[in-house]
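Residues per chain are reported as follows:
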Amino acid sequence: MIADWSHEVVLAATILSWFIIGAGLAQTTIYLLQLVVAGYALSERPPVARSALLWQRYGDVAPPIALLVPAYNEALNVVESVHSMLALEYPNFEVVVINDGSKDNTLQLLIEAFKLVKFHRPYEEALAHQPIRGLYSSPMTERLFVVDKENGGKADAQNAGINVCRAPLFCVIDGDSILEPDALMRAAQPFIDDPERTIAVGGTIRIANGSRIEAGRVREIHLPRRLLPLFQVVEYLRAFLMARLAWSSINTLMLVSGAFGMFRRAEAVAVGGFTKGSMGEDLDIVIKLHRHMRDTKRKYRIQFIPEPVCWTEAPETLSVLARQRSRWQRGALECFFRYRSMLFNPRYGRVGFLGFGHILVVDVLGPVAEVLGYILIPAFWLLGILSAEYLLAFTALIFTYGVCVSVCSLILEEAELQRFPRARDLAVLTAAAVIENFGYRQLNNFWRVKGWWQFLRGNQGWGEMTRTGLGGAKK
Amino acid sequence: MWYIWDLSILLSTLSLVIMLLLIARRLLQERRGRATAEQRRQVLTALIAFTENRDREALKTVVLAVPAGVAIDAGFEFIALLRGEERDDVLVAFNECGLPARVARQLRKGNIAERIHAAEMLASLGSDDASAHLLAALTQDRSREVRIAAAIALCDLGSLPLLGTALDFIGVAGQRSRRLIELFRRFPRSRFNELAVHASRIDASPFIRAAAIDALARAGGFGFAEFFAGLAGDASPEVAAAALRALGLTGHAQAPAILKRAMENSDWDVRAAAAESAGRLGLPEIAAPLSTLLDDEVWTVRYAAANALRSFGQPGERLLREIASHEVSRSQRTASLILAEGPAL
Chain L
1 MIADWSHEVV LAATILSWFI IGAGLAQTTI YLLQLVVAGY ALSERPPVAR SALLWQRYGD
61 VAPPIALLVP AYNEALNVVE SVHSMLALEY PNFEVVVIND GSKDNTLQLL IEAFKLVKFH
121 RPYEEALAHQ PIRGLYSSPM TERLFVVDKE NGGKADAQNA GINVCRAPLF CVIDGDSILE
181 PDALMRAAQP FIDDPERTIA VGGTIRIANG SRIEAGRVRE IHLPRRLLPL FQVVEYLRAF
241 LMARLAWSSI NTLMLVSGAF GMFRRAEAVA VGGFTKGSMG EDLDIVIKLH RHMRDTKRKY
301 RIQFIPEPVC WTEAPETLSV LARQRSRWQR GALECFFRYR SMLFNPRYGR VGFLGFGHIL
361 VVDVLGPVAE VLGYILIPAF WLLGILSAEY LLAFTALIFT YGVCVSVCSL ILEEAELQRF
421 PRARDLAVLT AAAVIENFGY RQLNNFWRVK GWWQFLRGNQ GWGEMTRTGL GGAKK
Chain U
1 MWYIWDLSIL LSTLSLVIML LLIARRLLQE RRGRATAEQR RQVLTALIAF TENRDREALK
61 TVVLAVPAGV AIDAGFEFIA LLRGEERDDV LVAFNECGLP ARVARQLRKG NIAERIHAAE
121 MLASLGSDDA SAHLLAALTQ DRSREVRIAA AIALCDLGSL PLLGTALDFI GVAGQRSRRL
181 IELFRRFPRS RFNELAVHAS RIDASPFIRA AAIDALARAG GFGFAEFFAG LAGDASPEVA
241 AAALRALGLT GHAQAPAILK RAMENSDWDV RAAAAESAGR LGLPEIAAPL STLLDDEVWT
301 VRYAAANALR SFGQPGERLL REIASHEVSR SQRTASLILA EGPAL
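These protein sequences, in sequence, are chains L and U. Take 1 as the starting number for the first sequence in the UniProt record's numbering and just add one per residue. Take 1 as the starting number for the second sequence in the UniProt record's numbering and just add one per residue.
Rather than coming from a laboratory, the hints here were simulated on the basis of the structure. One should not assume that every hint holds.
In silico DMTMM-like pairs for lysine to aspartate or glutamate, Cα to Cα no more than 25 Å straight-line [what the hints assert, rightly or not]:
1) K299/L / D203/U
2) K297/L / D203/U
3) K60/U / D128/U
4) K118/L / D104/L
5) K260/U / E285/U
6) K260/U / E322/U
7) K297/L / D267/U
8) K297/L / D269/U
Sequences are here, hints too, so could you generate the full structure?
Encoded structure:
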């Protein structure tokens, strides 16, 4: 009887281990394939180094762009951010700041800094959003508009901005982000090269912690001095340079980051804009765009450009980072289940199979399988239920392949882009790419499983994102 | 399962070794970078001195003493700031130093970004064989972006083949690029007829036809008004809208009738273009159809129509006020909104 029971236990443990190792293997395979595709894409399309060249080349044919900046309690950064946005190098753009019912003095600071006056501007009420209390323009610059509205969340504010803006393209950015001066010109490039098919473009987000920032510009690039943002630099490299570039090159990009994304207004309106209350409104709108374009059988492209366009502040404390990661996880799950009918649906082609398949493996199953593996695989081995082979395979998938993927992302970066200014930075990042697999990765997965749990419990809170302000980065 | 472990060790070790090599390479580059910056400074100093003393030999000595790549980069940046005789003199010195040959090599062998840049530099340097190299790039390069850059450079040098032939070389995929608008806008007046022929070709892509119409309207002027009037009824909405906007720039005796007809078109872009042109031409005689467009289902059309009425001055504003005072409707709301546009009182 006991022998029968132990046989079943071994069988169950073996099946469970295979599931865990299989999920890890699938993730690792996806990452390695992404590396190969991204490497090819980068070698085929190296970035233009000098922005003066871009201006000379595209300045005359660059389409008008509206920069939408939702701001909620952004008093710390908003004036400096708007100044830096108004100084962007682009021939035809307007900045639309949407004060989403801030409780602090965000609006007052803007009114004072830019001498804003109330203004009537007719606009299309194409998307629903919370009521607008007033529109403001500035006698100092005709490029700036401020929308003051009742609080409705980021997506709601972005929808108000889409309604008010008049340009055929709009670009959403976070109020606390810093754009490179030529960011719009670089992001507009796909819309110039292929204006009929390109409907959205995402750009690389980089971490500004540690860099020297003056007057809303990143003047000197430095690595963060704290370990947590340093690990995030490696993470962002993996996410942007490897994953998004790879997916973009096969037109299966599922995420255009909310911190910087450019969209064609007509298509964004056609899909109903950003989904209000969504935890992952950036992922959500891209999925909606894919679905809309495939449903209407139109040719389209959603592209990613590897050039650095936007700098953001990464969380420096565990508690803030934990909230951010749990929220991202809930956002991914929410979108996955909301649009689950697209999964492996032949109607949606590679988006259904590869794009949704990727979300299933990496975001839905991945964290659960990995956290289960941390507990079960060593336990099974210690109890003598499984052989050391299983333990080694799991260790390889988590640690050694993890090191390989992180370091390979860094190799891509250095071989093709060389955006980190010093050799010493590369050495530090290489060390971070190794070390992050021992502790940080596990913590991240724990937060993601927590996000799973919150999703199951229906927790829709965003959690507070405490910021120190990018002006507080290294001076 | 051992192979998973073995392969992981192999791959991660390999990646670390490659990374270490890249770090070593970067250290070397850092050293070389300082030397390059110094050489670049020397070239720019020599160029500035040349603009003062026109000592070509002194400039050539400096240019030949630094790597060609450094001289090309610094030189190209510098000549973009120069005009007239000064620029011509620098170009002669560059040509005598053999820089165009180096740029031509970059056009053949560089990556895409380098090849596009090389095409632009060749057009600026304007060497004797620049056209031949650019023509080779237009006909043979595997990247459509490079082919477009070569076509623009050839146009600047006055050596672009017939438009139809050039577009064939650029390829169908390249014929969607807005860069072609730039190519068309650079067309010399003597070749406008080619643009007109292409704009009339119903087998050409609507995007290209619209771009050709736009270029003609900007530079061709009234001479093409009749041509635009003919295309205003084109079956392609994109072409018809472009022709209507062109008419808004040039004007035409039959413009009121043409625009009135276009305001009834089923495509909103055509209706909006007609309204915009009516406003630009200031045609109060078509205020009635414009006021009908205030009830259009598409906001862009309503806004264009309201703006056109407002641009008519007092008669238009009077009409808008009258509509705004009616019972609540889409027209009434559009008129009210456009009348209220501006600083709040």
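Evaluation of the provided hints:
no., hint, verdict
1, K299/L / D203/U, "holds (20 Å)"
2, K297/L / D203/U, "holds (23 Å)"
3, K60/U / D128/U, "holds (19 Å)"
4, K118/L / D104/L, "holds (20 Å)"
5, K260/U / E285/U, "holds (10 Å)"
6, K260/U / E322/U, "holds (22 Å)"
7, K297/L / D267/U, "holds (20 Å)"
8, K297/L / D269/U, "holds (21 Å)"
The structure shown violates none of the earlier numbered hints.
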